[in-house]
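From first to last, the protein sequence lines are chains H and B.
Counting along the first sequence from 1, when you hit position 61 you're at 61 in my numbering, and nothing is skipped either side.
With the second sequence counted from 1, adding 1000 to any position gets you my numbering.
Calculated from the structure, these hints are not laboratory results.
Be aware that a few hints might be false.
[As the list claims (entries may be wrong)] List time: in silico DSS-like cross-link candidates among lysine-lysine, alpha-carbon distance up to 30 Å:
id : chain 1 : residue 1 : chain 2 : residue 2
1  : B       : LYS1213   : H       : LYS353
2  : B       : LYS1447   : H       : LYS220
3  : H       : LYS213    : B       : LYS1094
4  : H       : LYS385    : H       : LYS353
5  : H       : LYS447    : B       : LYS1447
6  : H       : LYS338    : B       : LYS1410
7  : B       : LYS1391   : B       : LYS1410
8  : H       : LYS362    : H       : LYS385
9  : B       : LYS1391   : H       : LYS213
10 : H       : LYS391    : H       : LYS410
11 : H       : LYS362    : H       : LYS391
12 : H       : LYS410    : B       : LYS1213
13 : H       : LYS213    : B       : LYS1220
14 : B       : LYS1353   : B       : LYS1391
15 : H       : LYS220    : B       : LYS1220
16 : H       : LYS213    : B       : LYS1012
17 : H       : LYS213    : H       : LYS94
18 : H       : LYS213    : B       : LYS1338
19 : B       : LYS1012   : B       : LYS1094
Bear in mind the structure is a predicted one, so any value in this text is a computation, not a measurement.
There are 2 protein chains.
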Amino acid sequence: MPFPSEFWNTLKTEFPENFFSTEEALLQSHSVDWTTAFSPQASLVVFPRTTEEISRYMALCTRFAVPVVPSGGRTGLAGGAVATQGETILSLEKMRALGAVDVLGQTLEVEAGVPTEAVHEHCAQHGLFWPIDLAAKGSSQIGGNLATNVGGVRVIRYGLARQWVLGMEVVLPNGTVLQLNNALEKNNTGIDLRQLFIGSEGILGIISKATLKLVRIPPKPQVLLLATHSLENILSLFLRARQAPFTLCAFEFFTSQCLARVQQHRKRYMPLETPASHYALLEVETENPEALEAWVGQCMEDVVVDGILAQGGQQARQLWELRESISESLSATGMPHKNDIALPIAHLLDFCKGLEAFFADKYPGWEVCLFGHIGDGNLHVNVLKPPDMDKSTFLAKTSEVDNDVFSLVKQHHGSISAEHGIGLLKRPYLHYSRTPEELNLMRMLKKAVDPLGILNPGKVLPPL
Amino acid sequence: MPFPSEFWNTLKTEFPENFFSTEEALLQSHSVDWTTAFSPQASLVVFPRTTEEISRYMALCTRFAVPVVPSGGRTGLAGGAVATQGETILSLEKMRALGAVDVLGQTLEVEAGVPTEAVHEHCAQHGLFWPIDLAAKGSSQIGGNLATNVGGVRVIRYGLARQWVLGMEVVLPNGTVLQLNNALEKNNTGIDLRQLFIGSEGILGIISKATLKLVRIPPKPQVLLLATHSLENILSLFLRARQAPFTLCAFEFFTSQCLARVQQHRKRYMPLETPASHYALLEVETENPEALEAWVGQCMEDVVVDGILAQGGQQARQLWELRESISESLSATGMPHKNDIALPIAHLLDFCKGLEAFFADKYPGWEVCLFGHIGDGNLHVNVLKPPDMDKSTFLAKTSEVDNDVFSLVKQHHGSISAEHGIGLLKRPYLHYSRTPEELNLMRMLKKAVDPLGILNPGKVLPPL
């Protein structure tokens, strides 16, 4: 993308040395995320070290209408941080300052480029943690966690990232710096502007700093794997778990198809012998292990056909590994097409029945692997390429499959993207989850905040 | 306010009978809230029974640029729901439908006019509740609870109302109806538009329905009153309580001045004999009462000078009454000027020291009563008229006092309105808590969503 020479001159003369790079390797690495569907094409990468540098760079880009893609840990799965049209990339990776933990207030101020796991490590010495925990935590950064309102494995216990941020510093497309909410739990002084930027995938502003809200490290949880013969039984188990005398921290679900793939790939230990079709992995906090055992005993009288309560940390990790290696095992043993959807919990059963019926009817022989954070209504729908179908036919059909799946999602008042966001990948399907009125209001907000459309252009909102 | 005859004609011919009223008594009752500072003046009140009627009324008001004040339970304390300039009032009181409780999903769909307490009663039979609990719950309505992002007494345990709503239906100033988020816990599909309307005091849209998120009714809590000799000790106690082997549900604070006023007015039972200056009221959940007693014992070795753990529900209520009758007792025994502020918890001590010093210096002899949800950083600063000062002198001075108090709040990165909102009352002071950049962005959002400025005009945002 040809930018005016004055843009380049200003970059060279008014910013520190090494502020920007056009090195091919850096352009390549910084213009992709974990999504594989897009070809990288960026014009330059900038590496601000301060909010003031971000602000000046944005003001410069506004002056010359230069597009900017904010770039964090790039672990996204929807292409929200890819540069495909010669944009410039603003990497937060040099902004990694971690403040001192405020033990009394249970807060921590960090710059946006701090990796999620570094926050966990930093707080642990004080017996505190930031309760957002996700598989990508070694690479993902706080700015991206907030820009995508990340969830993770303990949403049912702690909620989404939105709940765990007090203050935010945000740079607008024109370079204006907003200081939002400081370290306040309560602040009813007009529109809460933080909320605009949380979860909007960098199309409205660049999150440069955040004051995180912490909690004390919870006691070591108990981990259980329970086997059932149906999704009905899984949901019945879920209802009982929410009424049981313990605190539910995670309620994960997978089918025997998923488990078979994990065993094929990872040769993992399978602790249950009774054949079953639907599994639930529970993590619970309790001060009363006897009551937990009694509860499991009651469940085994009807809905549960087999189960195990992990004896110690190693077995707990082994049970979690069964759940956490599903995604990798599906990719290693076949060619999956993935969707990350959410349903109101009350619709889960009917949705899954509808899904089964429509695959049986329209795509007989296709293997559908279901798993996910079912306690949040979140289902990963993975469809595997039939062995006798060639790759290109399968890829061509998946877009048709998506439209069918998303129609069913819409019919059940669900979301086409529970956690992964919209980015570039899901943009063509956004209308399945958001009405024309909502799209119109989103466009009005985008226009008001970013009138030139220079910030993360083309992401989230489909072209008119 | 003279509206065109076509506006009146449309109202009479295209809306149901009894849709609107210009009866003086109704105009009076519906144009004030619990704030006493404003004189009511409204042109008419409308009572829609459906979202469709709200939408048609807003479209009509847009056509003739007629101003509209959304009206819920009118328990606000900042004049957010008052009509003082001949506006029309849109009351939600006829929209009181309560859906069936979704026990599996733990959700409940309600219309905006349902009183908070009615939600509690409706859910209780299923062992569920909506964890937003406030003194005004008998009158306050769900729509207003969301429009003001209400907190209440259990914020430290459950957070603010923002966390306890899944779906929302909102009518925009032009009559557009938005259906937002259904009953979804996770939905990462672009800008979360719900957040615009939560806490913005009805200046952007009218919340007409909501799908609330419920939790199971917690076990009966333990209630403790602990006495100390300083605010330092209260904060030290707070730190220990967050690290203790129980779940903290409330951590309230008041000074001996407050307590003296309660005893003067209500002749309430005072269970502690040791003289003390600062009190904390704790509500905790625990399965292990012995550990709680041991913890209290440890605290009494240093920071706590006296304490009581309620034995049974009646005593627990009596302890809560001490805290809850403070506001009423101050009004009954003197003339208080009230502020509801918040500080980052780490700043509480320095702020209070600064406050004390500046009153001693600038307003010697004035009585300052401090109490509040200190676990959320929330302080009610009540200043009492000195007995020998006449009322008008006091009232004239309170605006000066406010500017001084708010300057100190700003210096400590606090909020001039923790819970009560801005409305009309705090509008002149908004700049103490929000920067010019924030005010500018809020104005841009208001302009984008309500270009004619007909919705709750004059509220929150100060005139340019």
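Okay, the hints, checked on the actual structure:
1. LYS1213/B - LYS353/H: holds (25 Å)
2. LYS1447/B - LYS220/H: violated (51 Å)
3. LYS213/H - LYS1094/B: violated (40 Å)
4. LYS385/H - LYS353/H: With Cα atoms ~21 Å apart, LYS385/H and LYS353/H stay inside 30 Å; holds.
5. LYS447/H - LYS1447/B: Cα-Cα ~12 Å, so holds.
6. LYS338/H - LYS1410/B: violated (49 Å)
7. LYS1391/B - LYS1410/B: holds (28 Å)
8. LYS362/H - LYS385/H: holds (14 Å)
9. LYS1391/B - LYS213/H: violated (43 Å)
10. LYS391/H - LYS410/H: holds (28 Å)
11. LYS362/H - LYS391/H: Answer holds: LYS362/H to LYS391/H is near 18 Å, not above 30 Å.
12. LYS410/H - LYS1213/B: Holds, at roughly 21 Å.
13. LYS213/H - LYS1220/B: holds (27 Å)
14. LYS1353/B - LYS1391/B: holds (27 Å)
15. LYS220/H - LYS1220/B: Since the Cα atoms of LYS220/H and LYS1220/B sit roughly 24 Å apart, the hinted pair holds (cutoff 30 Å).
16. LYS213/H - LYS1012/B: Since the Cα atoms of LYS213/H and LYS1012/B sit roughly 53 Å apart, the hinted pair is violated (cutoff 30 Å).
17. LYS213/H - LYS94/H: Status holds; Cα separation ~23 Å.
18. LYS213/H - LYS1338/B: Measuring from Cα to Cα gives roughly 29 Å; hence the hint holds.
19. LYS1012/B - LYS1094/B: At roughly 19 Å apart (the allowed maximum being 30 Å), LYS1094/B and LYS1012/B satisfy the hint.
In the structure shown, a violation is registered for the earlier hints numbered 2, 3, 6, 9 and 16, in ascending order.
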